[in-house]
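In this text, residue positions in the sequence shown follow the working numbering: the first is 18, and each later residue adds one.
Quick caveat, the hints were computed from the structure, so don't treat them as lab data. Take every hint as true, because none was put in to throw you off.
Taking lysine-lysine pairs in the DSS-like style, the calculated list, with each CA pair at most 30 Å apart, reads: (1) 123 <-> 147; (2) 170 <-> 123; (3) 61 <-> 123; (4) 123 <-> 90; (5) 90 <-> 170; (6) 61 <-> 147; (7) 170 <-> 147; (8) 90 <-> 61; (9) 61 <-> 170.
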Amino acid sequence: MTITQVAGEPLDLLRRLDEEARASTPGLPEQVEAPAVWSGLAIKLDDQGLVVALGEISEVVPLTILTPVPLTKRWLRGVANVRGELLSIVDLADFFGLLPVEIDDKSRLLIVNDPLIRSAVLVGEVVGMKHFYEDEEMRRISESEGPISEYLKGSFVQDHVRWQWLDLQRLSQADSFLHVAA
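From just these sequences and the hints, can you work out the full model?
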């Protein structure tokens with residue numbers, strides 16, 4: 018027996034052990050692609066459930082002191098100072114021709130995430146975060162939705178409850194939203 022044979026035997030043994038170990042271990046689990054999830058903030062508008070894309074809202078804050086603005090449409094509740102920034106406050110329900118939001122502990126301001134339009138919408142209640150899978154989305158919007166329908170992107174049905182997807186960006190850029198003079 019030569020020195021190279023003796024030195025080679027342990028290496029062969031290690032190679033065989035390595036091959037056997039690799040052959041007997043299970044591989045990685047099969048890659049399963051998770052379904053796409055859309056997340057939004059759920060709000061109540063009258064008796065309707067709405068969701069707003071998170072990117073369209075920069076902040077949700079409790080209602081603060083409002084200063085009325087004379088000679089404006091009724092749905093413009095006034096202006097408010099939020100963290101040193103003057104925002105116009107729009108009553109979302111009143112804007113859509115529903116009963117104005119009754120201000121209480123649940124009332125919140127959704128600050129529109131648009132650097133050019135400094136406003137917030139007043140809502141009666143923020144339900145919380147909602148997460149929807151792609152298969153829960155419906156694109157059909159019936160005309161019976163009323164004035165809100167032109168600002169809806171679609172709707173989601175989750176646990177037999179319909180949540181309409183409000184396009185806050187489109188709403189905040191609409192002429193009817195921007196022209197507040199009475």
